[in-house]
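Now for the letters of each chain:
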Amino acid sequence: MTQNSLIANEPNELNELRQDALQEIFNISMGQAADSLASLVNDRVHLSVPQMHWVEKSRVQDLKAAMKRVPKGAIICQPFFGYLKGEILVCYEQGTQYEVIGQSLAYSRVDTQRWQHELLLEITNILGGACLRGVAEQLNIRIDFGAPALIDRHNDVTAILLNPSSVWVKALMMEIGFSVQTMSMTSDILICMPEHYIDKLFSCIDLLLE
Amino acid sequence: MNTVYKQILNQLNVGILVLDEQCTLLYANNFIRDNHKHEPRTGVSLFSQFPEIPEDWFRKRVESVVMFHNTSFTSWQYRPHLLNLMETRPITGTHELMYQSCSLAYLGHFDQRHLIGLIVQDTTQTALSQMKLASTLKKLNAEHRQLQKLNQQLEEAQSQLVQSEKMAAVGQLAAGVAHEINNPVCFIKSNLECLQDYTRKLIELSQSVEGLIKHIDDEALKTQFNQYKASLDIGYIQDELPEILAETLDGTQRIQDITTSLRDFSRLDSAEWQQADIHQGLESTLKIVNHELKYSVDEIVRDYGELPSVLCLPAQLNQVFLNLLVNASQAIDKHGRIVIQTRHETGSESITIRITDNGKGIPAEIQAKIFDPFFTTKDVGQGTGLGLSISYGIIQAHQGNIQVTSAPGEGTSFLIKLPVTPKRTEHTVCV
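If you're matching them up, the sequences are chains A and B in order. Going by the UniProt record's numbering, the first sequence opens with residue 1, and the numbers climb by one from there. Going by the UniProt record's numbering, the second sequence opens with residue 1, and the numbers climb by one from there.
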């Protein structure tokens, strides 16, 4: 992790203020997202306080070490764009129970097995949307979403980030743990934004701080 | 401007439906109208116009989109035909229904109701290409696996062939050498037999001379004879010579036995199928492996039944017996006992040969693997792992079968079943 590399030109005091503000914005958004999700799926949803990681591609191993947990399973990716641009990566571990959440999204028990991947895409869509909607509202910016896609059936997120062909160099990664009681799972949402958009994000935060 | 927007919506190669949160259909663009079997009416329930949409599921999606003000997606991979829209190529198309990826987007709150747009993208070409690619890939993978398997089989067959050829070459060499040794041994033996006869006569002569001398009165001559006889140790020679000759003859006989066994074992004349005596094959093999067995095996029990002559490749069957006997001796630490049992039931068209040892046995988990090529429990360099696989191949080529039963700690028994007269069509197939 290179906490200062992305914002090296700014005075540290300002950076700390910005990071605190960003943390606060995400905290509020996560609270709202958890409530909305819970009412949609009629279940207890827990979203953790986001952890911020400043990551260089060459040092993804440091991210792996710094993450609270690095689950391995089906990885869904969903792009978001608008004023900010990035991707949401969610890993669903094997052994996750989908029946109850599937039923709450109107998939029958038989369907759940059959539509498991579609269900994962939709859960990712709802989760990602719920997390970033609050951020967009607080920063007064527009964020839209592309269709989520299953990019790996069994891997961990850091392995995906290490793909040598991928274009990113430096990025801000927000690690959010989430758990849905009936899914018997705890996993991570990783909201990733490349370096270029961090400046835009901070300029929004600067406006709020003024 | 509204007319312009509507024109644009109607010109798009994308289906667009607008509905409210109650799923009342408010608008459908031309793409939808033109490609759906029935032209949809607006102002009524979406599900009455598109009964193919799963209602509960769709309403939940609408609820989520309204709640989060977001967009929800479906993909052709998981939900290929959300709407029953027809393929856009009625002539060259290969599918009746259009593959679609859809987005359900929140449009906003107008006139006290939430509006939602369903945007339908035609992904038929992508879907068909992807499916074709996936099926080609699957086929390629299957072919690849098949090729790998064939390659492996080829490698195994090649190794078996090499080993088999090697053993045949060694056998031929041994038989050739045996033949060369046999010739001088024959005349050595013949000469020794003559020598034995001549010696016997000479000793007889010597003894009669001795008897005659006893009756002569010339004491000086007697003394001189006895002194001469004693100085030459003739008494000892008379006793030893027959023994030496008998032992030498015995040795020569043993050399002859070994060379005969080597010749019989390799059967230079056995490249072709022929009627052969299985017991003779077993006996010549036993002689060949005697040096291997003598240190660990105390007893070899020959429980031979009456066997008819069997149409076979004798040298190859001997190779099987050799492999089984060597394995048996290696499984035995000491005080071993090998039982060779042969049977032929009256009227039966096959014979059985059972070779049983009281060695350490084969663990159950590897019994299924022992006939696999390259499978060996011996140390590196000690065994090729091909002996039993080649034996298996030889028995198969004789249209017989070979089975193993083993109890760890108690011993192993190999049972070979061979037809007396294998069908001629497959005679030539043999490793």
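Any given hint could turn out to be false.
[Stated by the list, open to error] Beta-carbon label-pair distances, calculated as ranges:
#	chain 1	residue 1	chain 2	residue 2	range
1	B	Ser348	A	Gly95	28 to 38 angstroms
2	A	Gln103	B	Gln11	12 to 22 angstroms
3	A	Gln97	B	Pro363	36 to 46 angstroms
4	A	Glu99	B	Gly108	47 to 57 angstroms
5	A	Glu24	B	Gln130	18 to 28 angstroms
6	A	Arg114	B	Ala407	44 to 54 angstroms
7	B	Gln22	A	Glu99	49 to 59 angstroms
8	A	Asn155	B	Ile53	32 to 42 angstroms
9	B	Gln11	A	Leu17	43 to 53 angstroms
Since the hints were made in silico from the structure, they are not lab data. Note that beta-carbon positions come from the ideal geometry of N, C-alpha and C, so glycine has one too.
Hint check results:
Separated by about 59 angstroms at the C-beta atoms, Ser348(B) and Gly95(A) break the suggested range of 28 to 38 angstroms. At about 41 angstroms, the CB distance of Gln103(A) to Gln11(B) disagrees with the hint of 12 to 22 angstroms. Our hint of 36 to 46 angstroms for Gln97(A) and Pro363(B) holds, since their Cβ atoms are close to 41 angstroms apart. Checking the proposed 47 to 57 angstroms range against Glu99(A) and Gly108(B) shows it is violated: the Cβ atoms sit about 35 angstroms from each other.
Restraint check, Glu24(A) to Gln130(B): a C-beta distance of roughly 44 angstroms breaks the suggested window 18 to 28 angstroms. About 50 angstroms separates the C-beta atoms of Arg114(A) and Ala407(B), a value consistent with the hinted range of 44 to 54 angstroms. At roughly 29 angstroms, the beta carbons of Gln22(B) and Glu99(A) sit outside the given window of 49 to 59 angstroms. Checked against the hint of 32 to 42 angstroms, the C-beta distance between Asn155(A) and Ile53(B) comes to roughly 34 angstroms, which is consistent with it.
Separation of Gln11(B) from Leu17(A) is about 50 angstroms and conforms to the stated range, judged on CB atoms against 43 to 53 angstroms.
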